[in-house]
Structure formats: C-alpha cells, structure tokens
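Okay, here's what each chain looks like letter by letter:
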Amino acid sequence: MSERTDGAVSAHDAPDPDQRLGMDQRRTALATLILGGLMVAFGVVVLIQAILLDNDAHVVGPATMPWVVAVLLLVIGGALGLSARPDLRAWRQAPQTSPQDWRRAAVLLAVLLVFAVVVTHLGYVVSATLLFGTVAVVLGAPARFRAYVYGWSVSVVVFLAFDVLIGIALPAGPWGF
Amino acid sequence: MDSFSMLLDGFAAAATPTNLLFALIGVTIGTAVGVLPGIGPALTVALLLPLTFRLEPDAALILFAGVYYGGMYGGSTSAILLRTPGESASMVAALEGNKMARAGRAASALATAAIGSFVAGTIATILLTFVAQPFAEVAVKFTPADYVALMAIAFVTVASLLGASPLKGIASLVIGLTVGLVGIEAQSGQSRLTFGVPTLLDGIDVVIVVIALFAIGEVFAHALRGGGGGTVTPLRGRAVMTRQDWRRSWPAWLRGTAFGFPIGALPAGGAEIPTFLSYATERRISKHKDEFGHGAIEGVAGPEAANNAAAAGVLVPLLTIGLPTSATAAVILTAFQSYGLQPGPQLFSESGPLVYALIASLFIGNLMLLVLNLPLARVWARLLQIPAYGIYAGILVFATLGTLASGGGFPDLLLLYVIGLLGVLMAMADVPVAPAVVGLILGPLFETQLQRTLLISEGDLTVLLDSTLSKVLWAIAVAALVLPILIGWLRRSTRA
Numbered sequence: 010m011s012e013r014t015d016g017a018v019s020a021h022d023a024p025d026p027d028q029r030l031g032m033d034q035r036r037t038a039l040a041t042l043i044l045g046g047l048m049v050a051f052g053v054v055v056l057i058q059a060i061l062l063d064n065d066a067h068v069v070g071p072a073t074m075p076w077v078v079a080v081l082l083l084v085i086g087g088a089l090g091l092s093a094r095p096d097l098r099a100w101r102q103a104p105q106t107s108p109q110d111w112r113r114a115a116v117l118l119a120v121l122l123v124f125a126v127v128v129t130h131l132g133y134v135v136s137a138t139l140l141f142g143t144v145a146v147v148l149g150a151p152a153r154f155r156a157y158v159y160g161w162s163v164s165v166v167v168f169l170a171f172d173v174l175i176g177i178a179l180p181a182g183p184w185g186f
Numbered sequence: 030m031d032s033f034s035m036l037l038d039g040f041a042a043a044a045t046p047t048n049l050l051f052a053l054i055g056v057t058i059g060t061a062v063g064v065l066p067g068i069g070p071a072l073t074v075a076l077l078l079p080l081t082f083r084l085e086p087d088a089a090l091i092l093f094a095g096v097y098y099g100g101m102y103g104g105s106t107s108a109i110l111l112r113t114p115g116e117s118a119s120m121v122a123a124l125e126g127n128k129m130a131r132a133g134r135a136a137s138a139l140a141t142a143a144i145g146s147f148v149a150g151t152i153a154t155i156l157l158t159f160v161a162q163p164f165a166e167v168a169v170k171f172t173p174a175d176y177v178a179l180m181a182i183a184f185v186t187v188a189s190l191l192g193a194s195p196l197k198g199i200a201s202l203v204i205g206l207t208v209g210l211v212g213i214e215a216q217s218g219q220s221r222l223t224f225g226v227p228t229l230l231d232g233i234d235v236v237i238v239v240i241a242l243f244a245i246g247e248v249f250a251h252a253l254r255g256g257g258g259g260t261v262t263p264l265r266g267r268a269v270m271t272r273q274d275w276r277r278s279w280p281a282w283l284r285g286t287a288f289g290f291p292i293g294a295l296p297a298g299g300a301e302i303p304t305f306l307s308y309a310t311e312r313r314i315s316k317h318k319d320e321f322g323h324g325a326i327e328g329v330a331g332p333e334a335a336n337n338a339a340a341a342g343v344l345v346p347l348l349t350i351g352l353p354t355s356a357t358a359a360v361i362l363t364a365f366q367s368y369g370l371q372p373g374p375q376l377f378s379e380s381g382p383l384v385y386a387l388i389a390s391l392f393i394g395n396l397m398l399l400v401l402n403l404p405l406a407r408v409w410a411r412l413l414q415i416p417a418y419g420i421y422a423g424i425l426v427f428a429t430l431g432t433l434a435s436g437g438g439f440p441d442l443l444l445l446y447v448i449g450l451l452g453v454l455m456a457m458a459d460v461p462v463a464p465a466v467v468g469l470i471l472g473p474l475f476e477t478q479l480q481r482t483l484l485i486s487e488g489d490l491t492v493l494l495d496s497t498l499s500k501v502l503w504a505i506a507v508a509a510l511v512l513p514i515l516i517g518w519l520r521r522s523t524r525a
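Protein chains in written order, with my numbering: chain A, 10 to 186; chain B, 30 to 525.
No wet-lab data here; the hints were simulated from the structure.
Just so we're clear, the structure is a prediction, and the values are computed from it rather than from any experiment.
Careful, some of the hints might be misleading.
Not everything, but these chain B residues come out facing chain A in the computed CB check (under 10 Å) [claimed, not checked]: (1) L84; (2) P86; (3) A417; (4) T429; (5) G449; (6) V460.
Here are the computed distance ranges between Cβ atoms for each label pair [claimed, not checked]: (7) A/N64 to B/I514: 29 to 39 Å; (8) B/L494 to A/V84: 53 to 63 Å; (9) A/V84 to B/L230: 23 to 33 Å; (10) A/W76 to B/R520: 33 to 43 Å; (11) A/D65 to B/W518: 36 to 46 Å; (12) A/L91 to B/L50: 36 to 46 Å; (13) A/A115 to B/L494: 49 to 59 Å; (14) B/L484 to A/V84: 21 to 31 Å.
Even glycine gets a Cβ: it sits at the ideal position worked out from N, Cα and C.
Kindly produce the complete structure, drawing on both the sequences and the hints.
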C-alpha cells in the first residue's frame, strides 16, 4: 500500500506504481462489494418471481431454474460482498478516486442517452457524428472540430456499408441519412 | 462420404469468389480488432451478427470464422508492441514478446508469433477436420441426461478457469444465467422477470448483452481509469527470423500445438490454460533459461502456437455437441441459431456441406493471415498509433450501431446502457465477463435439456445419473468446481 498521503499529486501525472495499485485495489474492492449487494438484491427479486411461478405439478418446470438462480444469486452475491470487506478496510486511508473520472463517466452516459433520444429524429449519420465527436472530446481529443470531422467520416462509412451496401436499415432523419 | 472428400467439396464451396472475399474481409477485420486494444473477436462477431439477416449462412459463417482466427493473430501484435494483450489468451506473449521488442527484436517476435500461429492453426485445423466427424458420430448417442452433465462441466470450468478467482467467475456465470431467465418460458408460456415491459417478453437479445458487457463496460472502465494509453515500442526492419530463431522456434510451435488443440477441444477448454502450460514447459526445458523474463523467443513461439491451436480446438465441442467454451464460440453459436441451425451431432448429417465449407475456409483464412501479417506487420503496427479517444469513441459508435442494426429502438438502447453499466461494475470489480456470456447462451439450453430429461423419466431425478457417462461427467464437474477453490485456499493458508 502506498505511504503517500499528500493528495496533491494525482495518479494521472504521477506514474507511481504503488499508488496506482493502491487505488485500483480499493476501487476493485468497493466495486466487488456493490456488485455483491446488487446480486443479493436481484436474488430477492428472482426468488419472488420463483414463488409466483407455477410448476404445474412437474418436478422440473418454469419455476425450477428461477429457484436455482435465486439461491445462487443470494449465496454467491453474499460471498462476493464478504470477500471484498477485508480489502476495503485496508484501503480506507488510500487516496480517493478522482472526482474528475466520475464526471467524465457521467458525461459519457449523458451523451449516450441523448443519442438514444435523437437518433430516430436526426437520423443515423448526424447522431453518430455527435456521439463520436463528443465522446472523443470528453476522452481527451486535442482538437474539437477535427474530432467531429472524424466522427462524420466514420458515420458516413458505416451508413454506406450497412444501409446502402448490405441493406440493413438504419434510422434515417428528415434528410434520409 | 468420408471426411476427406467432404473437405474437398468444402474447398470447392469456400473458394468461390464471393466466399473468398468474405474470408478476406473477415481475417482483415479480425486482425484489426485483434490489434486494437479494447475490442476482441467476441465483441466484433457480436457487432456483425445483424449481418445474418442479410447474408447466406456460408458467407456469414466464413466471415465470422475469419474474424475469430484473425483476432488470434492480431492479438499477439499488440501484445508484443504495446504490452496490452488484445485478448486474454495473448497474455503470455505480452510478457516475453514485449521484452524482445524492447531489446530491438520486435520483428523476430512478430515473425515467430505469426508463423507459429500459421503452423499451429493449420495442424489444428487438420486435426479438427478428422476428429470432428467421428466425435459427432459418438455424440449422437448422448442422452439428454448426458447433455445436462456436459453443460454442467462447461458451466463450472468456464466460470472457475477464466478470470482472477473462481468466486468472481462463478458470480459472472450466475449473472449470465439470471439474464437468460428473462422472457417467456418456452414450455409453459409464463413470463419471467419481464416486469410488464413489452421489450423484455422476447428475452434479452444476446447481441445487446455481449455488446453491453464488452464494449460499454470497456469504454467506461477506460474513462474511469483516467484515460491515457500505453507506450508503443517502435517496429524496425522487416519481420524476419534468423536461422537460430527458426531452430529455437519450431519445436516450441509443435509443443504449443500439442498443448493447445486437445485442451481447447475438451468441453472444459478455453485458450488461456494451454498458453500458460506451454510457457511453463518452454521455460523448464529451454537451453536458454537465463533469457526467460528478458525476451526468450521460445516464450513467444510456444504460447502463440498453443493459443491458435486451442482456437481451432474450441470448435470441436462447438460444432459436434453445441457446447461453447469461450465467449467468441458462444457468439458464433448464436449466429448458427439465427439461421435455425443447432450445432450438435446432427449438424454434420443435416448441414455437412456447410460445416466443411466452414472448415475449408479456416485453412484458406490461415494462409491469408500469414500473408497479411508477415509483410504487412508494420501496417498493423501503425494501427496502434490511433489515439485512445478515437478508438473508444469508435467503440461506442459501433456498439450503438449493433443495437440499431438488429432492429432495436429507444428501449433496446436503454437496455444496452443498463447492462453496460453492469458491465462497468463487473470490469471495476475484476469480474470476467466471458462466463456471463456463456451462461446466458447455455442457460436456456440447459433448462430445455433438463426438462426434456425429466419429461422422459416422468419426474424421476435419478435418471440424471443413469448412464455411466453421466456419472463420469458429473464427477468431473464437481472436481472442476472444488479443486481450484481448494488449491486457492491451500495456497493462501501456506502463505499466511
């Protein structure tokens, strides 16, 4: 574990392998804990579903697999959560994950949602251009305009290959592409 | 008709201009995605699955097989030059090959990887040709109970062998099984886990799950890791090997093939284990032990050959019993299903010409890959110059494209994002996604076979252990589940 306590140096510009490792492990432990929790929660949902289903007096019927899966979700999810706990305690003092990373991920998600909304209205080429360009900029493309130009080229090639050449219909906007 | 004349017919079918073109497109795309970090063959085949609506079965399957083999070749290029394996089976090449590259011997490393892949791929495809049909003839006699046991083995081994810890692999498998439950249950028509959402009634499309877990998960994990990329070791000179390189490489290629094909062909296979076994063996018997860890050519030649031989081996259980043991194989299985074909013993009798055209295309594809990779190694290496933001923006464009092309709209895109976020969490928790894909595809098949078994026996559960084969298979499944956990536990307690 890293002994470094000054939060001034972020892991991005300090290639200190120990610190990098520390952050990764703490994050892994936290994610494992959350995943375990989710699995247990879903285990309850699947369990309720299994109870609601009717096996029609068969030994194995539609409810059997849900029963098995529910038990597995509860047991494995629980074990996963428990396995993460000791790691998590050790990393509590480790440097925090940079909020900048989370902001970047949130913007990515927002861009994807906007794409899903506009793609049927603006057509594939325009929407995919916006998607590519914005994601590239968020992930650190140095030139904004050029990122959108690249995005436009990719979308046009994709549209020509899939829609025109192969004949798999992609959403067309008011202008037909 | 015997395998050999069927194969000749297969060559005639695969060598039409159209099919040659699809093979060439397949291996080119495969090499490209293998080289690029973050995109693997499983994701690429999933993205191309919508093509099955438009293409003839032989054209589509030849294309997918090309992507599959090409991914194995390309993966070693990025492993050697970037030290980031394009896919997990190239992990060992990343260790030893990158050391060679840093010592200025990138060209030799790439050459031994490419020629070794060709030698191993060709030998393994020959073995596949002559093993598959006899095996399918044996497999015809399998009872539904035997299938249940076989799938249990596949579940256990895929979950406990791929990834960092058996627990995380099993967690991934269970997640896949859960997603596989969604939709209308085939026998009774009752809906499961649909929560009244109409989109969910048909179940969750495999394409969406694969794209979400591999692509969306990868992009977000990259963003959360703070972006950035690795350092590319420049490639100087042509990909050639000295006489000494040859002398040290060829026994390693053959030994790698000997590990790769049989282990890949087991219903417990995968490509990771033979590569590690091959590396360990080369290291033990080498006359140049001191070079290992600093760039020994045997350490690239053996594992890369093992990797490709295993890729061909994985096709044996896939084609003959319909059992996928890797994520890519699972997605290829879906491609068969979308044509109404079910891989399994009947496939050889019902669609023999198609299967042999596919196998013939593997020979052709291997030759194309050797030609594509040896003289053009520098062109592929240039792909690594594409900045990370461009690659990841492209992945998102293609991810949404895959969903839209398979007829999806707004609800399907939302589903893609939700499962994608699950994929992010799994990536951050170091949980492998391949077992989830296998669980999703095998889970419903397992349920069907189980119901069929118990329908015949009128609910008598002992039928599951009736045949000798079933007993043996269940014993293997239990051993494969318990042993890794036991070994891990022992290792931890001796260290403490």
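We went through each hint and held it up to the structure:
Using the Cβ-Cβ criterion of 10 Å, the hint placing B/L84 at the interface with chain A is satisfied: the shortest such distance is roughly 8 Å. Nearest Cβ of chain A to the Cβ of B/P86: about 15 Å, over the 10 Å cut. The hint is violated. Below 10 Å, beta-carbon pairs count as interface contacts, and B/A417 has one with chain A at about 7 Å; its hint therefore holds. Interface hint status for B/T429: upheld, as the beta-carbon distance to the closest one in chain A is roughly 6 Å, under 10 Å.
For B/G449, the interface hint holds, since its Cβ comes within 10 Å of a Cβ in chain A; the closest pair sits about 8 Å apart. The beta carbon of B/V460 is positioned within 10 Å of a beta carbon in chain A (closest approach about 7 Å), and the interface hint is therefore held. Hint check: A/N64 to B/I514, Cβ distance near 32 Å, so the stated range 29 to 39 Å holds. Taken as a hint, the range 53 to 63 Å is violated for the pair B/L494 and A/V84, whose Cβ atoms sit roughly 23 Å apart.
At about 29 Å, the CB distance of A/V84 to B/L230 agrees with the hint of 23 to 33 Å. A beta carbon spacing of about 34 Å between A/W76 and B/R520 agrees with the range 33 to 43 Å that was offered as a hint. Separated by about 42 Å at the C-beta atoms, A/D65 and B/W518 satisfy the suggested range of 36 to 46 Å. Roughly 54 Å separates the CB atoms of A/L91 and B/L50, a value that falls outside the hinted 36 to 46 Å.
Checked against the given bound of 49 to 59 Å, the beta carbons of A/A115 and B/L494, roughly 52 Å apart, stay inside it. Roughly 29 Å separates the CB atoms of B/L484 and A/V84, a value that falls within the hinted 21 to 31 Å.
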